[in-house]
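> Spelled out, the chains give:
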Amino acid sequence: MEPFLEHIGLCVPLDRVNIDTDQIIPKQFLKRIERTGFGEFLFYDWRYYDDGSTNPDFILNHDQYKDGTVLITGTNFGCGSSREHAPWALLDYGFRVIIAPSFADIFKNNCYKNGILPVILSTEAVEELMLAATSEDDYRLRINLEAQLVIRPDGVSCSFEIDDFQKNCMLKGIDEIGWTLQFESQIADYEAQSRI
Amino acid sequence: MSPKTMFKKIWDNHVVRESQGEATVLYIDTHLIHEVTSPQAFEGLRLANRRVRRPDQAFATMDHNVPTTDRSLPITDLISKKQMETLTKNCEEFGIRLYDLHHSNQGIVHVLGPELGITQPGMTIVCGDSHTSTHGAFGALAFGIGTSEIEHVLATQCLLQHQPETFEICIDGQLQFGVTAKDIILSVIGRIDIDGGTGTVVEYTGSAIKSLGIEERMTICNMSIEAGARAGMIAPDDKTYEYIAGREFAPKGEEFDKAVANWKKLSTDSGATYDHSITISAADLAPQVTWGTNPGMVINVTETIPDPDKMPTQHQKKAAENALMYMDLKPNTPITQITIDKVFIGSCTNSRITDLRVAAEIAKDRKVSSNVNAIVVPGSQAVKRQAEAEGLDEVFRSAGFEWREAGCSMCLAMNDDVLQPGERCASTSNRNFEGRQGKDGRTHLVSPQMAAAAAIEGKFVDVRTWRS
Chain U
-13 MEPFLEHIGL
-3 CVPLDRVNID
7 TDQIIPKQFL
17 KRIERTGFGE
27 FLFYDWRYYD
37 DGSTNPDFIL
47 NHDQYKDGTV
57 LITGTNFGCG
67 SSREHAPWAL
77 LDYGFRVIIA
87 PSFADIFKNN
97 CYKNGILPVI
107 LSTEAVEELM
117 LAATSEDDYR
127 LRINLEAQLV
137 IRPDGVSCSF
147 EIDDFQKNCM
157 LKGIDEIGWT
167 LQFESQIADY
177 EAQSRI
Chain C
19 MSPKTMFKKI
29 WDNHVVRESQ
39 GEATVLYIDT
49 HLIHEVTSPQ
59 AFEGLRLANR
69 RVRRPDQAFA
79 TMDHNVPTTD
89 RSLPITDLIS
99 KKQMETLTKN
109 CEEFGIRLYD
119 LHHSNQGIVH
129 VLGPELGITQ
139 PGMTIVCGDS
149 HTSTHGAFGA
159 LAFGIGTSEI
169 EHVLATQCLL
179 QHQPETFEIC
189 IDGQLQFGVT
199 AKDIILSVIG
209 RIDIDGGTGT
219 VVEYTGSAIK
229 SLGIEERMTI
239 CNMSIEAGAR
249 AGMIAPDDKT
259 YEYIAGREFA
269 PKGEEFDKAV
279 ANWKKLSTDS
289 GATYDHSITI
299 SAADLAPQVT
309 WGTNPGMVIN
319 VTETIPDPDK
329 MPTQHQKKAA
339 ENALMYMDLK
349 PNTPITQITI
359 DKVFIGSCTN
369 SRITDLRVAA
379 EIAKDRKVSS
389 NVNAIVVPGS
399 QAVKRQAEAE
409 GLDEVFRSAG
419 FEWREAGCSM
429 CLAMNDDVLQ
439 PGERCASTSN
449 RNFEGRQGKD
459 GRTHLVSPQM
469 AAAAAIEGKF
479 VDVRTWRS
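So the sequence lines, in the order shown, correspond to chains U and C. Using my numbering, read the first sequence as starting at -13 and increasing by one per residue. Using my numbering, read the second sequence as starting at 19 and increasing by one per residue.
No wet-lab data here; the hints were simulated from the structure. There may be inaccurate statements among the hints.
Under 7 Å between C-beta atoms, here's a sample of chain U residues computed to sit facing chain C [unchecked claim]: (1) H(-7); (2) N4; (3) F15; (4) K17; (5) I19; (6) S68; (7) K99; (8) F146; (9) E147; (10) F151; (11) I160; (12) I163; (13) A174; (14) Q179.
We put the beta carbon where it would ideally sit given N, CA and C, even for glycine.
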């Protein structure tokens, strides 16, 4: 995984609560056995009509949001299925940061493992950013992980919480499996003691 | 020693390493695997030249995209076929036990785990599927994981975890006739909402929970994730031990007695506290029907479709408006006036033998409405064999239900069992998200009894008073 230090990107406001992973990546695309190439199927049923043409009303299809890399959305984003195809699709499309008042647990974990930063801000703060991203042209945010700050174009910033270990893993792009494997002897001791 | 919750006991028993500022290295006893979320994990192992640490603690099956029609015929969906072949190849290469499409143990991963005695109290169990919470019904700590974590477990038999909070949901009192485990859990989700359990592990307690059979307890724990909880658990008791005894992977003889003695120590100590608690009176519960596009949008069968204008917040109003538009429903319509096109009895929530028995009891000597297409999909080959031995397949067939092979089927519609656009389904599954059962398909989640009765009537009815 590539280290995540700071990201500056165009914001896409997706003003809806409880967006589930079935919407992020519908099941017909879960049959692939690769990790890549899911971006074109992101939010498929909202992005495209039945005949495959694009739905001009959906936010990702608006011209001004085409290069978006920061998704701003409602509470409980990523609820439902544990499919990691959801963050794979978001990443492959280009999103590096998702800002919401809350995330579903498994989805949030899956984001960290793929170098997407889930940022939790208060409902009021998210609503403010949503409004700005909707009404202002080319609204870009700077997200600094080391300082745990979301910095607005006017220089005003708000801080966010992140677990220290998770932060460290993202900053350094740590291979978590490799990290656990350094404790191989402790795992073996545990197995011996538990007679597993 | 200070009193502990059941969750904390199991957690503490599985800590391999704990250090300030680090995630806990938690040992995983059992890893369940299926074809959809695992290919990229095995590929990751190959790319990093890593081995599977404990193939003996992994069990794989094919369930998500398997056909439920005649299995002697070739699989026509070539992409699904490739995914199944990939699982076979991966299991062979890494030495993992596989119950493939034609194996007599094949079934939905959360049905076969308990059925084979793989699921036992006190264990940590994971699977790349959010409904892994099902196994908590035995007093295990069981939760769903993503594909990166599948790879982590394969390579290390451990996961990096942060300790969640605990949430006691106490269901006390006696359920009315016709009110089931499914109605309990749907009511819970309706009450705490679909993110009410986020960041927590739920323990279900109370006399109503104790009175439930093991398979009903699985229905409850299964849907913990629909309230956002990582896991749901129920303390093991004599019913649990009886259920496990004699199953293929259960301890045998003296080992079993020793195991039971240990399992009896797992229950939450008196005086232990939970981070959150609620109590619900079982007697007040009615059969539930979802009306919207998530499992928290649920009401009693006797109620009418909610009016978005009466929702307390703008977000809820907008969500309700979106849901009603998708579901093609009007505010204030009685649930019992909603007609349906399809009925699906199955899924890891409600496809076990007890679910099929209660549905068959309703279907017996009756006919599925001429406007309805209804299918019954047993959760596993073993459930199918048992049902056929009891003649339930004949009951369903003569009533006009289709009797299928085991798999996830129309719960997530990855195979050919799909709703057509605009079709409305009474489903015993766990999610009514937009498009879940097919693009523009409309799902109403209900109990097996409610689904069977809806199939007969062509619309929702209150099973408590129906043809009484």
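> Can you name, in rising order, the numbers of the hints this structure does not satisfy?
1, 3, 8, 9, 11, 13 and 14
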